[in-house]
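Asks: What follows is each chain in one-letter form.
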Amino acid sequence: TQTVSQSDAHVTVFEGDSVELRCNYSYGGSIYLSWYIQHHGRGLQFLLKYYSGNPVVQGVNGFKAEFSKSDSSFHLRKASVHWSDSAVYFCAVRFRNSNNRIFFGDGTQLVVKP
Amino acid sequence: DTTVKQNPRYKLARVGKPVNLICSQTMNHDTMYWYQKKPNQAPKLLLFYYDKILNREADTFEKFQSSRPNNSFCSLYIGSAGLEYSAMYLCASSRGTHYEQYFGPGTRLTVL
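Quick mapping for you: the protein sequence lines, in order, are chains A and B. Using our numbering, you'd call the opening residue of the first sequence number 1 and step up by one each time. Using our numbering, you'd call the opening residue of the second sequence number 1001 and step up by one each time.
Simulated from the structure, these hints should not be mistaken for laboratory data. Note that CB positions come from ideal geometry on N, CA and C, so glycine has one too. Among the clues, some could well be false.
Label pairs and their calculated CB-CB ranges [to be verified]:
1. GLY53(A) / ARG1108(B): 38 to 44 Å
2. PHE1073(B) / VAL56(A): 37 to 43 Å
3. THR1026(B) / SER98(A): 42 to 48 Å
4. HIS1098(B) / HIS10(A): 19 to 25 Å
5. ALA1058(B) / ARG42(A): 29 to 35 Å
6. THR1026(B) / GLN58(A): 26 to 32 Å
7. VAL56(A) / GLU1057(B): 32 to 38 Å
8. GLU1057(B) / SER26(A): 16 to 22 Å
9. ASN1040(B) / GLY29(A): 43 to 49 Å
10. SER70(A) / THR1026(B): 39 to 45 Å
11. ASP1051(B) / ASP106(A): 28 to 34 Å
12. ARG1014(B) / GLY53(A): 49 to 55 Å
13. VAL56(A) / PRO1018(B): 44 to 50 Å
Below, computed lysine-lysine pairings styled on DSS-like, alpha-carbon distance capped at 30 Å [said to hold, decoys possible]:
14. LYS49(A) / LYS1044(B)
15. LYS1017(B) / LYS1005(B)
16. LYS1017(B) / LYS1052(B)
17. LYS113(A) / LYS64(A)
18. LYS64(A) / LYS49(A)
19. LYS1052(B) / LYS1038(B)
20. LYS1038(B) / LYS1017(B)
21. LYS49(A) / LYS113(A)
22. LYS1011(B) / LYS1037(B)
23. LYS1011(B) / LYS1063(B)
24. LYS1005(B) / LYS1052(B)
25. LYS1005(B) / LYS1038(B)
26. LYS49(A) / LYS1011(B)
27. LYS49(A) / LYS1052(B)
28. LYS64(A) / LYS1038(B)
29. LYS1017(B) / LYS1063(B)
30. LYS113(A) / LYS1037(B)
31. LYS1011(B) / LYS1052(B)
32. LYS1063(B) / LYS1005(B)
33. LYS1063(B) / LYS1038(B)
34. LYS1017(B) / LYS1044(B)
35. LYS113(A) / LYS1038(B)
36. LYS69(A) / LYS49(A)
37. LYS1005(B) / LYS49(A)
38. LYS1063(B) / LYS1037(B)
39. LYS1005(B) / LYS64(A)
40. LYS1063(B) / LYS64(A)
For reference, chain A alone in the conformation it holds in the complex (with noise of 0.2 Å):
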């Protein structure tokens, strides 16, 4: 079975902390990893995403995310957070036999406050 698994529905940190919103994925094979995020009444959009080399990946208005093949995991980490980081972040993962289909997690809110 593939899975996608994100631990928290809901974060809440103040500006300027650190977050990790977590990702964990059920299977083994090959895989492509990403995340989006998706602000209050938009679309989702792509953050960033690993396939392969270097473990830690850089996105998009300071967000990073690790890959640990031995913990099945790419969390998402940002060390000091905007107001404007409020919003619902989704992991995808495309399994190596999943014919190209991406499996979401249900979702982390993150809030954000001032």
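Let chain A serve as the given structure and place chain B on it in line with the hints.
Replies: Using the frame of chain A, we list chain B on its own:
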């Protein structure tokens, strides 16, 4: 222009009536997708076109139809809407199936 457009943005439908949603993109992407999204749930892939080839998910095969008259447009058709179809419908496109997807703003469908 990396915009994916969807029409309408909001749709009200009666149970048993058909629904047709439209998506367009001008990025010359060969792959277009339709997802269904309900609150606090992951987007659920309904179907996708790779060029002219339609791929429908097994569990929604009979519930949704689609057409892609040209590279830029893709529609999602529900023949007979049920209450359980109330959701946000997201269209996305990508260059091939191995690249990031660009999403439209979605169409919020409410079935009464």
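Asks: None of the hints should be skipped; say for each whether it holds.
Replies: Hints and how they fare:
The hint said 38 to 44 Å for the Cβ distance between GLY53(A) and ARG1108(B), and at roughly 39 Å that hint holds. PHE1073(B) and VAL56(A) have their C-beta atoms about 39 Å apart, which keeps the hinted 37 to 43 Å range intact. Between THR1026(B) and SER98(A) the C-beta distance comes to about 28 Å, which lies outside the given range of 42 to 48 Å. Checked against the hint of 19 to 25 Å, the C-beta distance between HIS1098(B) and HIS10(A) comes to roughly 32 Å, which is inconsistent with it.
Between ALA1058(B) and ARG42(A) the C-beta distance comes to about 30 Å, which sits within the given range of 29 to 35 Å. A beta carbon spacing of about 28 Å between THR1026(B) and GLN58(A) agrees with the range 26 to 32 Å that was offered as a hint. VAL56(A) and GLU1057(B) have their C-beta atoms about 33 Å apart, which keeps the hinted 32 to 38 Å range intact. Range check, GLU1057(B) to SER26(A): about 19 Å between beta-carbon atoms, so the 16 to 22 Å window is met.
For the hinted restraint 43 to 49 Å between ASN1040(B) and GLY29(A), the CB-CB distance of approximately 28 Å leaves it violated. Take SER70(A) and THR1026(B): their Cβ atoms lie about 43 Å apart, and the range 39 to 45 Å holds. Between ASP1051(B) and ASP106(A) the beta carbons are some 31 Å apart, a value that agrees with the proposed interval 28 to 34 Å. Hint check: ARG1014(B) to GLY53(A), Cβ distance near 52 Å, so the stated range 49 to 55 Å holds.
About 49 Å separates the C-beta atoms of VAL56(A) and PRO1018(B), a value consistent with the hinted range of 44 to 50 Å. This hinted pair checks out: LYS49(A) and LYS1044(B) have alpha carbons roughly 20 Å apart, not beyond 30 Å. Taken as a hint, the LYS1017(B) and LYS1005(B) pair is honoured in the structure, with Cα atoms around 24 Å apart against an allowance of 30 Å. Between LYS1017(B) and LYS1052(B) the alpha-carbon distance is near 27 Å, which keeps this suggested pair within the 30 Å criterion.
Of the pairs offered as hints, the one joining LYS113(A) and LYS64(A) holds, with about 21 Å between alpha carbons and a cut-off of 30 Å not exceeded. The suggested pairing of LYS64(A) with LYS49(A) holds, with an alpha-carbon distance near 9 Å, which does not exceed 30 Å. The straight-line distance between the Cα atoms of LYS1052(B) and LYS1038(B) is roughly 28 Å, inside the 30 Å bound, and the hint therefore holds. With a C-alpha separation of about 20 Å, the suggested pair LYS1038(B) and LYS1017(B) falls inside the 30 Å cut-off, and the hint holds.
Of the supplied pair hints, the one linking LYS49(A) and LYS113(A) holds, its CA atoms being roughly 27 Å apart against a limit of 30 Å. A hinted pair counts as satisfied when its Cα atoms are at most 30 Å apart, and LYS1011(B) with LYS1037(B) qualifies at roughly 15 Å. In summary, the hint linking LYS1011(B) to LYS1063(B) is supported, as the alpha carbons are separated by about 18 Å, within the 30 Å threshold. As the CA atoms of LYS1005(B) and LYS1052(B) are separated by approximately 20 Å, the hinted pair is consistent with the 30 Å bound.
About 20 Å separates the Cα atoms of LYS1005(B) and LYS1038(B), which keeps this hinted pair within 30 Å; it holds. Of the supplied pair hints, the one linking LYS49(A) and LYS1011(B) is violated, its CA atoms being roughly 33 Å apart against a limit of 30 Å. Distance hint between LYS49(A) and LYS1052(B) is fulfilled; the C-alpha atoms sit about 27 Å from each other, no more than 30 Å. A distance of roughly 27 Å separates the Cα atoms of LYS64(A) and LYS1038(B); the hinted pair therefore holds under the 30 Å criterion.
In summary, the hint linking LYS1017(B) to LYS1063(B) is supported, as the alpha carbons are separated by about 13 Å, within the 30 Å threshold. At most 30 Å may separate the alpha-carbon atoms for a hinted pair to count; LYS113(A) and LYS1037(B) meet this at roughly 27 Å. This hinted pair checks out: LYS1011(B) and LYS1052(B) have alpha carbons roughly 27 Å apart, not beyond 30 Å. A hinted pair counts as satisfied when its Cα atoms are at most 30 Å apart, and LYS1063(B) with LYS1005(B) qualifies at roughly 23 Å.
Between LYS1063(B) and LYS1038(B) the alpha-carbon distance is near 16 Å, which keeps this suggested pair within the 30 Å criterion. Note on LYS1017(B) and LYS1044(B): the hinted pairing holds, with a Cα-Cα distance of about 22 Å set against a maximum of 30 Å. For the suggested pair LYS113(A) and LYS1038(B), the alpha carbons sit about 26 Å apart, so the restraint of at most 30 Å is met. Among the hinted pairs, LYS69(A) with LYS49(A) is consistent with the structure: their alpha-carbon atoms are about 15 Å apart, no more than 30 Å.
Of the supplied pair hints, the one linking LYS1005(B) and LYS49(A) holds, its CA atoms being roughly 24 Å apart against a limit of 30 Å. Between LYS1063(B) and LYS1037(B) the alpha-carbon distance is near 15 Å, which keeps this suggested pair within the 30 Å criterion. For the hint linking LYS1005(B) to LYS64(A), the alpha-carbon distance of about 29 Å falls within 30 Å, and the restraint holds. Among the hinted pairs, LYS1063(B) with LYS64(A) is inconsistent with the structure: their alpha-carbon atoms are about 39 Å apart, more than 30 Å.
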